[in-house]
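There are 2 protein chains.
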Amino acid sequence: MTDRPVIALDVMGGDIGPAVVIAAAEVAQQRYPKLLFRLYGDQALIAAELVRAPRVTANSVIVHTAEVVLGTDKPSQAIRRGRATSMGLAVMSVKDGEAMAAVSAGNTGALMAMSKLMLRTMDGIDRPALAALLPTLKSDSVVLDLGANTECDAENLVQFAVMGAAFARDVLGLARPRVALLNIGEEELKGTDELKEAAALLRAVDLPMAFEGFVEGDKIGRGDVDVIVTDGFSGNIALKTAEGTGRLVTGLLAEAFRSSWLTRLGYLLSRGALRALGRHLDPNNHNGAVFLGLNGVIVKSHGSANVRGFANAIGVAHDLIADNITRRISDDLANFRAHRPAVLPADPASA
Amino acid sequence: MTDRPVIALDVMGGDIGPAVVIAAAEVAQQRYPKLLFRLYGDQALIAAELVRAPRVTANSVIVHTAEVVLGTDKPSQAIRRGRATSMGLAVMSVKDGEAMAAVSAGNTGALMAMSKLMLRTMDGIDRPALAALLPTLKSDSVVLDLGANTECDAENLVQFAVMGAAFARDVLGLARPRVALLNIGEEELKGTDELKEAAALLRAVDLPMAFEGFVEGDKIGRGDVDVIVTDGFSGNIALKTAEGTGRLVTGLLAEAFRSSWLTRLGYLLSRGALRALGRHLDPNNHNGAVFLGLNGVIVKSHGSANVRGFANAIGVAHDLIADNITRRISDDLANFRAHRPAVLPADPASA
Chain G
6 MTDRPVIALD
16 VMGGDIGPAV
26 VIAAAEVAQQ
36 RYPKLLFRLY
46 GDQALIAAEL
56 VRAPRVTANS
66 VIVHTAEVVL
76 GTDKPSQAIR
86 RGRATSMGLA
96 VMSVKDGEAM
106 AAVSAGNTGA
116 LMAMSKLMLR
126 TMDGIDRPAL
136 AALLPTLKSD
146 SVVLDLGANT
156 ECDAENLVQF
166 AVMGAAFARD
176 VLGLARPRVA
186 LLNIGEEELK
196 GTDELKEAAA
206 LLRAVDLPMA
216 FEGFVEGDKI
226 GRGDVDVIVT
236 DGFSGNIALK
246 TAEGTGRLVT
256 GLLAEAFRSS
266 WLTRLGYLLS
276 RGALRALGRH
286 LDPNNHNGAV
296 FLGLNGVIVK
306 SHGSANVRGF
316 ANAIGVAHDL
326 IADNITRRIS
336 DDLANFRAHR
346 PAVLPADPAS
356 A
Chain C
6 MTDRPVIALD
16 VMGGDIGPAV
26 VIAAAEVAQQ
36 RYPKLLFRLY
46 GDQALIAAEL
56 VRAPRVTANS
66 VIVHTAEVVL
76 GTDKPSQAIR
86 RGRATSMGLA
96 VMSVKDGEAM
106 AAVSAGNTGA
116 LMAMSKLMLR
126 TMDGIDRPAL
136 AALLPTLKSD
146 SVVLDLGANT
156 ECDAENLVQF
166 AVMGAAFARD
176 VLGLARPRVA
186 LLNIGEEELK
196 GTDELKEAAA
206 LLRAVDLPMA
216 FEGFVEGDKI
226 GRGDVDVIVT
236 DGFSGNIALK
246 TAEGTGRLVT
256 GLLAEAFRSS
266 WLTRLGYLLS
276 RGALRALGRH
286 LDPNNHNGAV
296 FLGLNGVIVK
306 SHGSANVRGF
316 ANAIGVAHDL
326 IADNITRRIS
336 DDLANFRAHR
346 PAVLPADPAS
356 A
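Protein sequences appear in the order of chains G and C. According to this note's numbering, the first sequence is numbered sequentially starting from 6. According to this note's numbering, the second sequence is numbered sequentially starting from 6.
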C-alpha cells in the first residue's frame, strides 16, 4: 500500500491511442509528482511510447491486455468481453483497490455499463450520472446528467444535485455552489412534475449548496449558477446543441475573416486574442467528465482529446481522489436523508 | 370579401409597442403590396404612428381595444379577459374569417392558450406545436416543438413531423425537406420509446419529406437536415441553449477584440464581415415562430423584435397564407392516415 494516488489508464480507449495517453500521463505526472499509474493495454505499444516518457516509466506498471472495447460495441457486448479489455481491467482495478480512479477515452456507453456493473452505485444513489464542466462567460459550470439516464424521477434529480454540488466543491473549489434545475421557464409552476417535486425537496433541506430554483438553457453559457441539474436526455441535447452552436459561430467567423484582403489583415492583427478565445472554448480545456454516484472514481475523456485534454482528464481524477469525492457525496446524502421533510409528496403514488 | 391577404396585427403585444409594429407593417406592405391589415390596439396610439406609415394607412382598418395581455399574465388570466384584449381580438378575427392570419409579439403562453381555445386544432392534430427557423452553417432549419407541449407521445411527434415538413416546403421553398427526430444518439436503439415508435411510423409511410432518422443536438447548427422534430421540453432547452451559446461566443469575441490596440484595429478592418455574421445570427432575421396545427395561421414574433424583425414575422404569415399551409397539413395528414401501417405498435396499450 502507498499514500500516493494511483490512477488506472485505459491506454487503448478512444480514437487517440497510446501516443496521446502516455504523453498526457507524462504531463500529469509532472504536474502532480506523487501520481502513480497502472497502464492497461498492449504492452509492446505502451513500451514504445514510454521511451519518450521517463516520469511515467518510473512511476507506473503495465498490465498487458490483448482486447479492446471498440467505439461501435454495444454496452452488452463490452460487458461480455469486459474483463479481457483494457477498459474493463482499468475499471476492475478500482473495484479491487489497486487504483483509486480510472480514466478512459473509450466508448461512453460501455464505460458506464461496466463501471456500474463492477463498482455498483453508492448507498442512497439509484443511478450514476455523467457530469462535466462547460465553459461560460465567467468561470466553468458543472452540468449533469449528460446522457447516462434518459428518464429521471424527482429522487434521481435530487441525488444528481447533491452529487453535482460535491463535484463543484472539489473541482471548482467553491464552498457553497449555486445549484439550479434546468427547465423551460423560471417560474415555479413550469415544467414536469418530476422537476417541481425535485425543486420542492431541494428547497426544503439545508445542504452545502445554494439552491436557486429553475434556470433556462440560455443560462448555461452565462455562468450565473455553478451546477445545472437535468435528466440525461435534456442534458445531452443541451451539451450537443452548445457544441453545435459553438462550431456554427466559429465556422461563420472563419468565413467572415476569409471574405476579403481587409478582413484577412484584420484577422492577422487580432490573431492572438482570437486564439485565446479559441482556447477558452476548446473542449480539451474542459475535458474529464465523471460518472458520479459509483463506489469509485471513473473519468471519461473525450474520444478525440489531445495531450493537454487527456492530461486535464487525469487532473480531474487526481482532484476527485484528493478530495475524497465518494466520501463527500455519501456524507451529503446521509445529511439529506436525515433532514428531508416527511410531509412533501416525495412519492406521488402515496399522496 | 377580397382576394387580398388580410393579416390581423396585435399592435400592443410584447415590449416593442405600436411604433415598431406599424413601421414594420409599412415595410411589409411595401414588400407585399396586396397586404391588408386589421390593427388591434389603442386607437390614439395607432393613429399617431400611422402619420409615418402612408401605405398602412391606406390599407388597414383600426379596431380599438382598451385592454392588453401583459407579459406576466398567466394563460388562464389572459383567457378570462381575452376577448377584450388586442391579442384576443386579433386571434378572434382569424376565427371569424375577417383575417387570414394574426401576428403578435405578446406573451407566448397566452397566445397559445387563446389560439387553441378560439381556433381549435385541425382534424387529426392532437396538439399544436410552436415552430421556428434557426440559423445553420448552410440555410435555415425548422425546429419544432419549441415549448408548447412539455411531454409528447409518438403520435404527437409524427404529427409535428408532418406539420414541420409542410412548413419547410412553404417557408424554405423545398420540395422534399429532410426531416429528423432529435435524439441523444443516431443509432436506432437510442432514446425513449416514443422516439423509437415515431421513427418506425415515419419510416413506414411515404410523405412529401425525406425522413432521415435521428440527429443529435450538434446537428442543429450544421444544416444537414431541414426539419428537426422534438418534444417541447427538449426543443425549448435546445433553442435556449443555442441562444445562450451564441451570446457566450459573441461576448467572448467582443472581449477578445477589446483586449489591445492591435485587436481593436483588427476589428475595424474586419468590421464589415463581422457585421454580416452578426446579421446572419440576429434573431430578427429568423423572426416569426408559428403555432402549427390550428384552424388558422398564428405567428409569434419575438417580444423584443425590431422593425425588420416584425416585418419578417408578417412575411412568414404572408407566405403561409399564400401557400395555404392549413390545407397542406390536412392533406398530408389524410395521406398519412390512409397509408399508415396497421401492424406497427402505434398504441403500445393495444399491443
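Treat the hints with care, since some could be wrong.
Note: identical chains are not told apart, hence a pair may lie in one copy or across any two.
[As the list claims (entries may be wrong)] Pairs of lysine-lysine residues, derived as BS3-like cross-links and limited to a Cα-Cα distance of at most 25 Å, are as follows:
1) K39 <-> K79
2) K121 <-> K100
3) K100 <-> K39
4) K79 <-> K100
5) K100 <-> K201
6) K100 <-> K143
7) K201 <-> K79
8) K143 <-> K201
9) K195 <-> K39
10) K39 <-> K143
Calculated directly from the structure, the hints in this document are not laboratory data.
Now the hints, each set against the structure:
1. K39 <-> K79: Answer is neither: 36 Å inside a copy and 59 Å across each miss the 25 Å cutoff.
2. K121 <-> K100: within (11 Å within a copy, 56 Å between copies)
3. K100 <-> K39: within (21 Å within a copy, 74 Å between copies)
4. K79 <-> K100: Only inside one copy: K79 and K100 sit 22 Å apart there, 53 Å across copies, limit 25 Å.
5. K100 <-> K201: Intra 36 Å, inter 36 Å, cutoff 25 Å: neither.
6. K100 <-> K143: So K100 and K143 fail the 25 Å test inside a copy (37 Å) and across (49 Å) alike.
7. K201 <-> K79: For K201 and K79, the Cα distance is within 25 Å only across copies (17 Å; inside one copy 34 Å).
8. K143 <-> K201: neither (28 Å within a copy, 39 Å between copies)
9. K195 <-> K39: Intra 49 Å, inter 41 Å, cutoff 25 Å: neither.
10. K39 <-> K143: Classified as neither; 31 Å inside a copy, 50 Å across copies.
In this structure, the hints that do not hold are numbers 1, 5, 6, 8, 9, 10, in rising order.
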